[in-house]
Amino acid sequence: MGFSPPAYAIPSGYEWLYTICPHQFALSNLVSLVFGQCSGMPTWDEATQAYTNVGSELGCQPMANSPVTVGHITVKEYAEQYFGMDYSDHWRNFGIVIAWIIFFRLLGLVSLRYNNHQKR
1 MGFSPPAYAI PSGYEWLYTI CPHQFALSNL VSLVFGQCSG MPTWDEATQA
51 YTNVGSELGC QPMANSPVTV GHITVKEYAE QYFGMDYSDH WRNFGIVIAW
101 IIFFRLLGLV SLRYNNHQKR
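Under full-length UniProt numbering, read the sequence shown as residues 1 to 120, first letter to last.
For the record, the hints were derived by calculation from the structure and aren't laboratory data. Careful: at least some of the hints might be erroneous.
Here are the in silico distance ranges between beta carbons for each label pair [to be verified]:
| id | residue 1 | residue 2 | range |
| --- | --- | --- | --- |
| 1 | 40 | 13 | 38 to 48 Å |
| 2 | 70 | 47 | 20 to 30 Å |
| 3 | 92 | 113 | 29 to 39 Å |
| 4 | 50 | 108 | 47 to 57 Å |
| 5 | 113 | 12 | 36 to 46 Å |
| 6 | 104 | 62 | 36 to 46 Å |
| 7 | 47 | 107 | 55 to 65 Å |
Ideal Cβ placement from N, Cα and C applies to all residues, glycine included.
Please model the entire structure based on the sequences and the hints provided.
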């Protein structure tokens, strides 16, 4: 399937690769739009050992079968804390994806302008 370490676990020498990778911004948008929307965060009730005020959105649902080290956490909180995919950043991520597309289109335009493979 692949290897995707949590954002906080990436070694400091490789963080720049994580930052400049265009796929990270597109994936962050997809994950934050699906799992990051929650109108009202549920609260953990210690007495009943269950969440109260759980909304209908997918981000409001508690994580099922999560590791013991994670504890009681919702899907939205898990995506934000472990992968850095915050819903409030979706417009910034969208702009960065569009900027990468424009950059590669301009790079292709410049290369087509100055590289002529038909010369003999």
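Consistency of the hints with the structure:
1. 40 to 13: 38 to 48 Å: For residue 40 and residue 13 the Cβ distance comes to about 40 Å; the hint holds.
2. 70 to 47: 20 to 30 Å: holds (21 Å)
3. 92 to 113: 29 to 39 Å: holds (31 Å)
4. 50 to 108: 47 to 57 Å: Roughly 55 Å apart at Cβ, these two residues keep to the hinted range, so it holds.
5. 113 to 12: 36 to 46 Å: Check passed, 39 Å falls within 36 to 46 Å.
6. 104 to 62: 36 to 46 Å: At 41 Å between Cβs, range holds.
7. 47 to 107: 55 to 65 Å: holds (60 Å)
The structure agrees with every numbered hint stated previously.
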